[in-house]
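> Sequence:
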Amino acid sequence: MDNFLRYFIQDIGMVFYAFLDIFSAIWDFFVRLLNFPGRMEIIKANESEFTRTDWILLLIANIALIALIVVLVILLVKLLKRIFRFRVPVKKFEEMEKQVKNLQRELIRANYEKDKLLAMRLAELGGKPGEVELPEEEKEGEEAEFSSANPNRNTPLSPCVDPTTSRFFRLTSVDNFYKTEYQHPVYDNDITLPQFCERFRNFAASKLHLYYELKLIRHFIAAFGTARIIILQGISGTGKTSLPYAFGKFVQKDSTVVSVQPAWRERTELYGYFNEFTKKYTETDFLRTIYESNYYRDPNLIILDEMNIARVEYYFAEMLSILEMPRQEEWLIDIVSAMWDNDPCLIENGKVQIPNNVWFIGTINNDDSTFAVADKVYDRAIPIDLDTRADAFEAEETDAVTISTDHLNAMFKEAKESYTISEDTMAKLEQMNEYLIANFRLAFGNRIMKQLKDYVPCYIACGGTEIEAIDFMVAKKVLRKFESLSLGFMKEELTKFSTYLDKLFGKNTMSICKDYIEYLKKVN
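For the sequence shown, the numbering used here begins at 470 and goes up steadily by one.
These are calculated hints, taken from the structure and not from any lab test.
Treat the hints with caution; some may be incorrect.
Pairs of lysine-lysine, DSS-like flavour, derived with a Cα cap of 30 Å [unchecked claim]: (1) 897 to 972; (2) 990 to 976; (3) 897 to 845; (4) 749 to 845; (5) 820 to 749; (6) 684 to 749.
Quick caveat: nothing in here was measured; it's all calculated off a predicted structure.
All chains, full assembly: derive it from the sequences and hints.
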């Protein structure tokens, strides 16, 4: 035992002295490296023999030595920082690990609830948990059959559902109102479009003290027969929001005002989203209005106030695509992927129908605080400028009306059949199209021609003239594209085009186009 201890002490002693030698060598290295007094003595001993070249080399050598010392110190400091940085967040890492474990438990619980719901659905459909999943096509057919055949499904004829038990609180409340309290109004289906425009103008003036020119009212109403999206643009204070607000009061169906926020970028800002943790759907005023509009036939406006304070082509992209569908039955918004028994009555296969009694009105301020609206938005809309305020006038007391969308659409349809654009005007438009192609490389697109053929008859039916409607549409849909050209070098061409309009349509016509051309010449 004593012999082993003697050996062990000697062995450990050798290791200890080896470590001491290492640290001693490192210490000796730094002492010699930083021994500037010793270097000065060597220099003094040899300075009498140094030439000019020797002094230069000596200076270079010392600069290199100092640089080496600085680099070593920096590396040492960085190494120490990394060591301490690695050691400090250990407690934070443990806290994060606990949070991750908690989230994993929540996810497992959510998946468990989802599996229970799927098991219940399979049991109701006659299947068994664990069966092979159906292909997507069969799934859709199965869901449709389940929706119509399931006796527990909430329908317009079934008893009211307690909104607190539904994931759609607001939409279920809408269902309950129309099941128990709503009474269908008696519509005035004898009113004509000229009367409608006149009465709307007088109503706004007499009841709301809002004053608009009759031409503006005609443009606004005619736009309803042309597109689902209407853009009201102009300087602040000219009544962009007040106009659709007054219309809602006039038809006794208040317009819904949706205040667009700068951070809006995606569809959930408009339609809401389903929260997987609360198992509730976050509903928006936009979604509620579209859903509720399926219950009645009154015309309804949704106002997107300050529409371009965020990028319209981002948050409104899906709606732009939906409204391009040729058949109104295809105007469907995806809300949820799977149906629950107590979901709102009018949600079918997870989709909400956009009815044909809804129009979207966007108000736009063209200033530095907003985004430019993309061409694809303008192309699908009817833009109306509100740059001036109309003078107040004495209007006779006018009451609100009760008009159905069916009657309004029937009047627009009759107008399109009765007031088609004359052959002479179509020939002039074709000549102007060729002139624009030759001189500005711009043309009437198919969408613009369709809108023009719809808008002009509707405007005439509202009490206007064909040339006024042509003037308005050419200025707003065609000449607006001039803004993308380098007009600073094309002022002469613009002047010639203004003269060409006088020659083609007459000197005292096309005033909106000519005013717009003069505006372009001034700002470029």
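> Taking the hints in turn, state whether each one holds.
Quick rundown of the hints versus the structure:
About 11 Å separates the Cα atoms of residue 897 and residue 972, which keeps this hinted pair within 30 Å; it holds. With a C-alpha separation of about 19 Å, the suggested pair residue 990 and residue 976 falls inside the 30 Å cut-off, and the hint holds. Distance check on the hinted pair: residue 897 and residue 845 sit about 26 Å apart at the alpha-carbon level, within 30 Å; holds. Between residue 749 and residue 845 the alpha-carbon distance is near 35 Å, which puts this suggested pair outside the 30 Å criterion.
Straight-line distance between C-alpha atoms of residue 820 and residue 749 comes to about 17 Å, which keeps the hinted pair within the 30 Å bound. Only pairs whose Cα atoms come within 30 Å are accepted, and residue 684 paired with residue 749 is rejected, the gap being roughly 47 Å.
Taken one by one, the earlier hints fail for this structure at numbers 4 and 6, listed in ascending order.
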